[in-house]
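Keeping the supplied structure of chain A fixed, place chain B upon it in accordance with the hints.
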Amino acid sequence: MVDSRDAVQKYLIGRHLEPRGSRFFIVSIILSVLTIAGIVGFVLRFQDGFGQGDLWGYYVALFAFIFAAAGGAPMVAISTRIAKAHWPRSISRISELFSIVSLFGIILFIPMIWILPDMEDGRRTLWFFGKLNVPSNLPHILTTLGLVSLVLTGLFILWLSLMPDIRFLRDMSNTKKGSWLYNLSAGWIGSSRQWFMQRHRIGILGAFYFMTLIFVHFLIAVDFSMTLVPGWIDALYPVTQAHNSLQVGVATVVLTMFAVRYFGHYQDYLTIDQFRGLGKLMFALSLLWFWFWFSSFIVLWYGAKPSEKSVLELLMTGPYIWVFIAAFVLLFVVPLFTMIWNPLRRSIWGPTIIAGCVFIGAILDKIRIYVASYSVIDQAGLHEIEHVPSTIWPGFADILIWIGGLAGCVLVYMLATRILPVINIWEQKELKLYQVHKKFHRIEVQVLGKPE
Amino acid sequence: MQEHTQLTQRQINEDLLDTVLSTPRWWLPATLVAILVFLIGASAFGYMLNKGVGVTGLNRPVFWGFFMVNFVFWIGISHAGIMISAILRLTQAEWRRPVTRAAEVMTVFSLMSALMAAPLVHVGRPWRADLWVFPYDFARGIWVNIRSPFIWDPSAVMTYLTASTLFVLVCLIPDLAVIRDRTKGWVRAIYSILSLGFRGTPRQWKLQTVAGILLSALVLPVFVSVHSIVSWDFAAQIGPEAWHSTIFAPYFIIGAIHSGVSAVATLMVIMMWVFKWDKYITRDHLDSIARLLIIVATTWFFFFFLEWVFALYTLEDPEIAMRDLQVFQWPWSGMFIVFLITAYFFPVPMWLFKKVRRSLFWMFVTTIAVNIGMWLERFLIIVPGLMRRGHFIFDWGSYHPSIIEILMVAATFAWVILGMLLFTKVFPLIPLFDVKEGMVFRDEIKIGRRTIPASIRE
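In order, the protein sequences belong to chains A and B.
Quick note: the first sequence, position 378, residue 378 per the working numbering, numbers continuous.
Quick note: the second sequence, position 451, residue 451 per the working numbering, numbers continuous.
Honestly, the hints are just simulated from the structure, not real lab data.
Any given hint might turn out to be false.
To give a feel for the contact side, a few chain A residues facing chain B, derived at Cβ under 8 Å [stated by the list, open to error]:
1) V239
2) W291
3) Y302
4) G449
Think of the CB as a built atom: it goes at the ideal place given N, C-alpha and C, for glycine as much as any other residue.
Extracted from the complex, chain B is given alone in its bound form:
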């Protein structure tokens, strides 16, 4: 970190609590638009409940369409929070400090979106979704199969949601105490309850730090298990031949990190634009996250390469037919090219340039491109995978999403945006205590005529 602005604690409080203690002019219209889109999507869902899943574009053999694509996409985005927060916390990366909370909160809301996208909407009979959690007719062996990844899925996602929410709450406690001390009346009463009597005693700080580290370590296996299990929803099947690959778990995880960290970078740029927090989130932070993204994206591309190579290695007709569909048959071929360009060949060469890594505009464009590409990647795995252009043409099928599905997908995006907007109104989006701690640990040392940044270590 070369950009070094030493700020006082008072200034940090004033800057970062501004969104909580006052309301920006744009906030209400933005929130209303998000609510409107969400309600339209919810109405579409109601319509589907009333008429049945026939109103979607799902058919035989393409039983999974936009809903499943969206589910995998949001699970992927949710991996950003833990990647940024837990891993960077455990490795003591200093640049993580201002971005951890936004990433964690995005995890929580995107997980909710994922739950909306698949278990709630996709099952067709959402009123029976609880049977995943409480399989009452287990003994008869006719309903749920405990050995199926479909049963592990809700448990893993719910565990991840619980752990992520707990993570956000534990890290919020010191900041809630700061807000409590700056509010009055019933608002103060609520923040008093939420801050759990935090007074900043040495023992409380110690417990808070230990809890943060422990949660970071414990949530990591959950983070890995969630997307692994999502990948096994696909890979454990031998029906759609192209899905039956051992590489799916790490391929999905690294893809999720690629997509999620890009989303965090997009969020950072938006925070710099909208809240003018450039004293906290600097171009150095963008530079660091872009460097991280180069490594993540290239690893993802290697796994993509392996997935393809071993698909061709099988020399099995259905597998080759599916690859042919992806690469040579319109419209999938067009999507495939867009996917490759937006997910890798456009952003990664761009990030090699320092000017791009430090540019708000280009980082916004490239990271949005990554997520367009990654959404298409999931689409290209799921839909052509199910179309099964095998020997028997009676089994062929295609897929066109209906307006109902499109509206419900839009609603999941609106939900995440709405969640983030509401959060910024109630809680600080940059962790005050973490930034303050960073300021305390920050130092400089002189080497010859140069002064270089340093940090204090016990």
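Isolated chain A (complex conformation):
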């Protein structure tokens, strides 16, 4: 571990500029091939057209999952910065880089504009269609605008946070005026005013990002699943989806941290402190998941109206019961009974394995919700489901789409780390200012400064 601020800067830039090995190249090729396989899967599925919603359930589930993970991951940096915590400094860039993956999510969203039927099919919607003069594709317009705003805000935060680091990179690599790196640093010289503005802009945009994230989850949860199922009225469902995004976002950051630590050799920066901190967060989010789920479940189960019974059957106890049980175990039971144990939380492998469970659990959760929602067809004008559709299993095209979609995300992230430093350099330098080690009675302690 290097000590002085200049040494930190030199070390981290040096690490970033080091040529990547052949392993990086080979993995990139494999991921590219898998992404192309995903595109082939999409073309196969596209041959059936967008008209049959039940064929696209797995595709929508993939989008919902990628949006949840990539949209939720930057919140790790945003929330911990607002809390002025020091331990997440080395993971802030890892989480912010997921804004680039969200761009990939926008590409996945484009076909969904055609997959989602407009409101003229007679289903109940939030938008008072038929009573107010609103266009029949209002959900499509609002979701597109919301999604684009979210991704642009995420990218803007990433850029703001990158500015000082790009300046360091620019200086060390003798970049000429007019090059993209030069332009991206936007004249950053590190004046007091620039630091002040940067801190405030990141804070304000972070709050805006969080609100937009909630809003977009609200739109997607309601328009892209709930309104498709007659009789499904669950006011808590949008919040559950937004919360699940934070949960899987944290899990994704833990998994990425693990990969960066081992394959990028950043053991000095991604220590047990970071894994432990996110492990605690993951534990708390798993408890919250249960609470949100149970709050919805008990009211519907207790109410026991025919419409509520059929919704419970569709989403939990019927055709997707095993998917639901697996998601329940992976999202709640496993994190609860493992992360409660201190030695496991205070390790590298513990939180990583649990993050893997949460990641898979979230995939299954999206599948049981979105595949089930899109399987309800020709029942749009009804007040409750007339017959619960049977299980829809993934076809060959769906499997290819899922593999390609996930591979595409990993590829985009890997390529981003090739260009941009994966550890935030200026935050590490700032930490050196605020961190002092001194003797306190007979032990060595750390003194951490907290400005304002």
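What follows is chain B alone, placed relative to chain A:
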């Protein structure tokens, strides 16, 4: 925290034990007034027992009125203690130190008020309230239904009361030992018993710290369960259609935190005014709690928005009729406007200004406003919800609280004030050991020409 006053242990003891070891002049009159109001309320309760619940404004179909509103309100206030104490303790927020005990004590007394407001008063036959805890004719299936949230309620509230009381007691032990060492005679004997032989050995400190952390972690699920169960008293029913919403549990919890943390802020201002403890509770603390309140209030408002949106989404006539009643029919419409302004649109924009966040007067006004608004919120959920302006007009009803109910509600407020006053006379309202620990962990570091506050971490 920018305001930094380093105090000696002796000075802390002198300042914070002042209320225990001597009696301020205002204390006795204030206590007598609280006792008087409480006794008037208790007399009203006695009158109701003698004459029956007909002396209240409750009727068919509005079976729940002021008592239930008050029950939910006090349960809400009680959430402050755990929010401030347990959550901020677990997240190691330094600014929590001087306010934890007041918040915890308020939890205990407001829970007692809640128990008075509903299980004791509202059941009509309070002598049978014990059957909630010991349902003797269970087997016959004619009395209590174990699957009902009404049965979970007393268990949850009693568990919460037990846990909160234990929490207060565990955190009091080191301070009781300090008082023991400064008193004589029978008073010393009592404090000796209460302090459980605490001598401040490393092992005792370790156990005390571990107990505090464990209780913080264990009491959190209880805290969540209590108000969730209270919300399910409403949401699990399909009769009053407007109550049957999945969002009620988190909506009630976040509302409770909004209301409770505001009450703690009010209490902080009162402590600064009355006891002149501004070296301990500073304007920085008010600033921090106001920032927290902005987040809490906005989250609460989002849940309120969702509750409304999905009520309209149902497109069911009774649901729409209830919303119409809340928003367009006098006097509920007037209350609705006051509720929205006082619970959100007045305080939150005010808290955006640093001057307001650091002003004792404005923090007092805004936080009191929040609790007026939150009391009205519960009223507007319960009463118009039961009035049921549906298709059949024979089922319509209205509600006017009687003087008996008003007096009993006033008595619950008097009880909490009385409890706090008695507590300050016997125990320190600011935890001495916590403040001292904060002083030990407090440090400063120099960056260039500036000195910034810092804290020691192992």
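Hints versus structure:
With its C-beta approaching chain B no nearer than about 7 Å, V239 of chain A sits inside the 8 Å limit, and its interface hint holds. Given hint, W291 of chain A at the interface with chain B, holds; its Cβ is 6 Å from that chain's nearest Cβ, closer than 8 Å. Residue-level restraint check for Y302 of chain A holds (minimum Cβ-Cβ distance to chain B is 4 Å; threshold 8 Å). About 4 Å separates the beta-carbon of G449 of chain A from the nearest beta-carbon of chain B, less than 8 Å, and the hint is met.
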